[in-house]
Amino acid sequence: MALAVQGDDERVARVGLADRLVSRPELGSVLGALAVFVFFSVLTDQFLSPMGVANWLDDSSTLGIMAVAVALLMIGGEFDLSAGVMTASTALVTAILATQLGWNTWLALLVSLVFALGVGALNGWLVMRTGLPSFIVTLGTFLALQGLNLGITRLVTGSVQVSGMREAEGYESAGYLFASTVDVGGTSFPISIVWWVLAAAVGSWVLMRTRFGNWIFAVGGAAPSARAVGVPVVRTKILLFMTTAFAAWLVGSINILRFTTVQANQGIGLEFQFIIAAVIGGCLLTGGFGSAIGAAIGALIFGMARQGIVFAQWDSDWFQLFLGIMLLAAVLVNNAFRRRAERAKR
Amino acid sequence: MTASMPDPASRSGVLLETREVGKSFGSVIALNGVSTVVNAGEVTCVLGDNGAGKSTLIKILAGAHQHDTGEFLIEGEPVRLSSPREALDRGIATVFQDLAVVPLMSVWRNFFLGSEPRKGWGPFSWLDSAKARATTKKALSEMGIDLRNVEQPVGTLSGGERQCVAIARAVHFGAKVLILDEPTAALGVKQAGVVLRYVAQARDRGLGVVLITHNPHHAYPVGDRFLLLKRGRSLGCFDKADISLEELTRQMAGGAELEALEHELRGMGS
Chain A
1 MALAVQGDDE RVARVGLADR LVSRPELGSV LGALAVFVFF SVLTDQFLSP
51 MGVANWLDDS STLGIMAVAV ALLMIGGEFD LSAGVMTAST ALVTAILATQ
101 LGWNTWLALL VSLVFALGVG ALNGWLVMRT GLPSFIVTLG TFLALQGLNL
151 GITRLVTGSV QVSGMREAEG YESAGYLFAS TVDVGGTSFP ISIVWWVLAA
201 AVGSWVLMRT RFGNWIFAVG GAAPSARAVG VPVVRTKILL FMTTAFAAWL
251 VGSINILRFT TVQANQGIGL EFQFIIAAVI GGCLLTGGFG SAIGAAIGAL
301 IFGMARQGIV FAQWDSDWFQ LFLGIMLLAA VLVNNAFRRR AERAKR
Chain B
1 MTASMPDPAS RSGVLLETRE VGKSFGSVIA LNGVSTVVNA GEVTCVLGDN
51 GAGKSTLIKI LAGAHQHDTG EFLIEGEPVR LSSPREALDR GIATVFQDLA
101 VVPLMSVWRN FFLGSEPRKG WGPFSWLDSA KARATTKKAL SEMGIDLRNV
151 EQPVGTLSGG ERQCVAIARA VHFGAKVLIL DEPTAALGVK QAGVVLRYVA
201 QARDRGLGVV LITHNPHHAY PVGDRFLLLK RGRSLGCFDK ADISLEELTR
251 QMAGGAELEA LEHELRGMGS
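These protein sequences, in sequence, are chains A and B.
For the first sequence, the UniProt record's numbering assigns the number 1 to the initial residue and increments by one for each residue that follows.
For the second sequence, the UniProt record's numbering assigns the number 1 to the initial residue and increments by one for each residue that follows.
If you are wondering where the hints come from, they were derived from the structure by calculation, not from laboratory data.
Note that the structure is a prediction, hence the values are computed from the model and not measured.
Accuracy of the hints is not assured; some may be wrong.
Unchecked claim - According to the in silico footprint, chain A covers these stretches of chain B (three or more CB under 8 Å from chain A):
| id | segment |
| --- | --- |
| 1 | 84–96 |
| 2 | 101–107 |
| 3 | 123–129 |
Quick reminder that beta carbons are idealized off the backbone N, C-alpha and C, glycines included.
The following block holds chain B by itself, in its conformation from the complex (with noise of 0.2 Å):
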């Protein structure tokens, strides 16, 4: 196995960092042993199966559950996150599959909220809802995103178009770091397709992204680096250089035991 450690003549971009990070539940080691970094402009990868350990170290990553071994640094300073806010003022933002957008509110007051614009003074303060419906149109467009309304209620907007806007509200809130998890697991083809360019566009952006997905097809094109997780365990962290798309399909695939399995299935076959 040719797992590359990260490359040290590269570290002045390096915005977080794992080192030999593990996490364990009572007697359930869920992560063990894990290293990678994530880089300003760069996109990692976490690959793995259901039960593989990536929402484990998503969550250790977004400050919603600490580390038990290892190191997590942030900007090369060691750190345990206390909670999502915490990883939020870093500079650290997630975008949750699910939790991602209120479906009945418009998508300025999505775009938002937990910070919106005010104008006034004290409690009689109100809603710049002028400068934020236009601020949000801006800042969709700028991503990339042609809205037709920012008033229409998110739930209109294909799922991935709200992986979209949750997108660039992270990005316009000033995240050094996108953690984005399984943004293209509901997905159909087309717009899986519109998701990986948002990545791509918040990557050339100056922004570290880390992608979390089950599905090399989705993580190839856009990956710098692709970590992979098999129960808890790290199959390695390879720069793009050093893996093909076919080796990474089949190393997620469980390399030896799709082998085995299509040798079955093909004998039944006969």
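If we strip away everything but chain A, and leave its shape as in the complex, we get (with noise of 0.2 Å):
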């Protein structure tokens, strides 16, 4: 690496760690997650036993493929709200499908893919045409998906659940693949955690090694500059928005699939969650910057620090008091980061 030509030993320096940490925006939600980590395997016998581990991985699992999908969206300058209702929406489309008009649980399945892309297609199609806040936009598709959650369910069933997935045709073949369990030394993990760990290689590799990737960091970071050298800006965010929406529909599968009933209004107040394990993982809310690995530690610290309370035995209130003292830490510090990045030296 050549060495500076302008300045002095001491302005070298001080960029070279700042390349350093700039270039590592999960190096923050890896640290918390150590000391997480540390805190509760001291505190609780629980945390590092089998059973506990399997419990905290779980609970993070689902959290985290959602963190990375909202992540990569984030990166790409767009919040989605609808994200939480969604991962209800599609595990209900499936629920309906298969118990009431008993279709086929794979063909079920597929529909509800079909209809979570539409809907992820049609809140990037509105941001991109109405050029309003995706906060908004988001909201009330959020809203408007809430009303058919629990209309549609009502109309339906009478009732604001759906249950009865077992006796689904192709509920063997399709639980196999989003709902059983792996066993390891006596204690089952479900294959969620498998999932998760995929989205989060799948998503980081999309994000860091392709051009697409490319793309969702330069219209997240500057969309007219973006624009300028002919990025593709419009299909990008709608295509981020999809992906959101496919990780929902995968999240609202392994849900009805494991617990063969859905209620109507689940998943209300998660949209916050993925974004919070998004900015624990190094997300800049202004977008143009973020980290996808980052986003699935994020899911982690939420995770084990959720099974860590209740390991201790301690007031599941102290839980929401942890988390915003994190998120306020990882705004403070990913803000940081962003100024020396943007900081103009002239």
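The task is to assemble the complex, starting from two chains supplied on their own in separate frames and drawing on the hints.
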């Protein structure tokens, strides 16, 4: 690496440190995860037991799948408040088709996927077409989906839940893919952990190693500049909304096949957990910067703390306090990174 | 006024030419009867105060606007560009002051943004990041830009260095004409000097450069030709031999108006 021609030693050292930190947005979440892990390992006996590990990995997994997709969207400069309720919508579509209309589970899953991608595309198209903040647009789809979830479920089943998924045709094979458990040393780990790791790996690969990933950073960092050099800004952002919807379908499918029952009011409020996990993982609220791996680790912190507090037999109220402090700390650290990166030296 | 028409003898290297080009927006005449040439290996400076029509002219050259009257020729062929993309395809690259780069992205990611080199096939192709890094470093050092690390975010560079990265990018991707919109406007004296050096580098590599500025002190050292605009009209297009820095500054500042102002201010002091 060539040495800087300008500046004295002090200045070179400072820029060097900033570079290393800036190129590693997930650093904060790794340190946070280590701290939480050590803290609860020392404090409680169950935390490190195979059962305990399976417990907090399970809690982190579905959150982590969503956090990775939401992180990509946030790096692309947009929010999706409908992501939480989408996990219920997709599960409901699958469940209603399979249990009420007697469809094969696989076919129901496929239609549910098409539905999810459609909603994602609609979100993206509306945001790009109207130029409104995605916060407002997806708040609209969030409320609309919430209404649809309750309304249609009540209309079809007369109650606010759909159950009986186990009797559906093709449940066994679909369940094997989405809701089975893997036995490791006598403890069963849910397959959703594998999906979570896969989501983090694929998300990170796309973000860091593909042209599309380059475009995600560009449309979130400076959309007009990206457009000026020929990046298809609209297509990139719509695809990101569809990615989030796809993740919501995956999580919805994991949930319905695992619990075989879905409540119509499920998923509400989860959207903020996804965003919090992504922010803890190093995503800027303003876009253009962040990490897919970081978001997955953000979800891990979430799961470890939530289950750790249960193991420690504390009141779960403390979890909210922890979450609030964690979020504030993450935002402060992220903003410090951004100021470094954006500061102009004239 | 000694406005020289483009010299027909040096036509061989003519990349761009405008003949009495005009543009109006509704009833507002933004540009009227402006003629100039951009030769390969030469710098044409466009000077004028705010509202003189500089941006309208470069937007016509860059394909963002279409001219209403007169002719616009690229290498002798009359054209009417429909989009910035078409201008780019014809080798006209524009570096806008604010739109040059994405600050949070690394230098090499910025350099290749929109033209990323890839390996693999179909949906499974990935960025050839090793090649991109090496090419960026090489292209920048060929332009004489010595960056410590192409991995650092562009935002950590100085304003001048950012312009230089954008210029190097345009040169690397085969631009024949480089249009620079106020590249030195927000820069300090030293940084402006750095940018002007790279403008000269691009010129020496045979590119035709259009340099938009309102600072004659920046324009004069690198310029071969000076187009002076005022209120949408051309005050003339001068070869360097036909105009001195003093005359250029005087023309820019409004000539007689400046003398009157100077007189007035002196009167206030006594």
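Tested hints:
1. 84–96: Our answer is that it holds, as 4 residues pass the Cβ test (under 8 Å) against chain A, meeting three.
2. 101–107: Check passed, 6 qualifying residues.
3. 123–129: Coverage by chain A holds for the segment 123–129 of chain B (4 residues, Cβ < 8 Å).
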